[in-house]
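Could you put together the complete structure from these sequences and hints?
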Amino acid sequence: KQEVTQIPAALSVPEGENLVLNCSFTDSAIYNLQWFRQDPGKGLTSLLLIQSSQREQTSGRLNASLDKSSGRSTLYIAASQPGDSATYLCAVRAYGQNFVFGPGTRLSVLP
Amino acid sequence: DGGITQSPKYLFRKEGQNVTLSCEQNLNHDAMYWYRQDPGQGLRLIYYSQIVNDFQKGDIAEGYSVSREKKESFPLTVTSAQKNPTAFYLCASSIGHSNQETQYFGPGTRLLVL
Numbered sequence: 012k013q014e015v016t017q018i019p020a021a022l023s024v025p026e027g028e029n030l031v032l033n034c035s036f037t038d039s040a041i042y043n044l045q046w047f048r049q050d051p052g053k054g055l056t057s058l059l060l061i062q063s064s065q066r067e068q069t070s071g072r073l074n075a076s077l078d079k080s081s082g083r084s085t086l087y088i089a090a091s092q093p094g095d096s097a098t099y100l101c102a103v104r105a106y107g108q109n110f111v112f113g114p115g116t117r118l119s120v121l122p
Numbered sequence: 107d108g109g110i111t112q113s114p115k116y117l118f119r120k121e122g123q124n125v126t127l128s129c130e131q132n133l134n135h136d137a138m139y140w141y142r143q144d145p146g147q148g149l150r151l152i153y154y155s156q157i158v159n160d161f162q163k164g165d166i167a168e169g170y171s172v173s174r175e176k177k178e179s180f181p182l183t184v185t186s187a188q189k190n191p192t193a194f195y196l197c198a199s200s201i202g203h204s205n206q207e208t209q210y211f212g213p214g215t216r217l218l219v220l
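Read top to bottom, the protein sequences are chains A and B. Be aware that the first sequence starts at 12, since it is given in the numbering used here, and climbs by one per residue. Be aware that the second sequence starts at 107, since it is given in the numbering used here, and climbs by one per residue.
Source of the hints: derived by calculation from the structure; they are not laboratory data. Heads up, none of these hints are tricks.
Here are some chain B residues the structure puts well away from chain A; computed CB gaps all over 12 Å:
#1 118
#2 119
#3 120
#4 123
#5 126
#6 128
#7 136
#8 157
#9 158
#10 160
#11 168
#12 169
#13 179
#14 181
#15 183
#16 220
EDC-like cross-link-like pairs, simulated, lysine to aspartate or glutamate; straight-line CA separation at most 20 Å:
#17 53/A with 130/B
#18 12/A with 165/B
#19 163/B with 14/A
#20 177/B with 207/B
#21 79/A with 207/B
#22 163/B with 175/B
#23 115/B with 50/A
#24 53/A with 144/B
All C-beta atoms, glycine included, are put in the ideal place defined by N, C-alpha and C.
See below:
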């Protein structure tokens, strides 16, 4: 069964830094991978969807990459801002399974 | 505005009581999902429904029940059989198939036990 992990569990950076969040999954037979943002006490907001045939997707300061063969995805945030502070979760849609979520990385961007 | 609404925002349950969480969507999505989120853990799937009048158990369905009588609505009942119900409950719907399937989430309901 698909398992998804995210490292680090928490990250604190000064404003303006570029940063990378990691997502790993155990089974490369996936349809897609989706990155979400969650603010405290709120629902999840979709950031980027990468289909299995794609290598990366970009939206503004966000860039997500996918390497199915190694079971990894990264979310790159450029020029981080205090408003980027949130928990970031990745979710994998695997063959024959429902969406499987990672535990998230809690990001704090310090002014 | 299209979206997913959940109510109430906070819900308190007494011992032995059944409570129902509401989830409504006006996105015209066929599939709907219920997840439970506990601190420091990823979302865990409780129930899902791909079409009206049909639903399947997820990974942690024990102590929960659902119905799907309308496309727009997917209420979740937390029964007295669920011994540890305190959690954040998230409803989602999805559109597309296979590699294009994308999930959208409601704002969540926090359930607390008195």
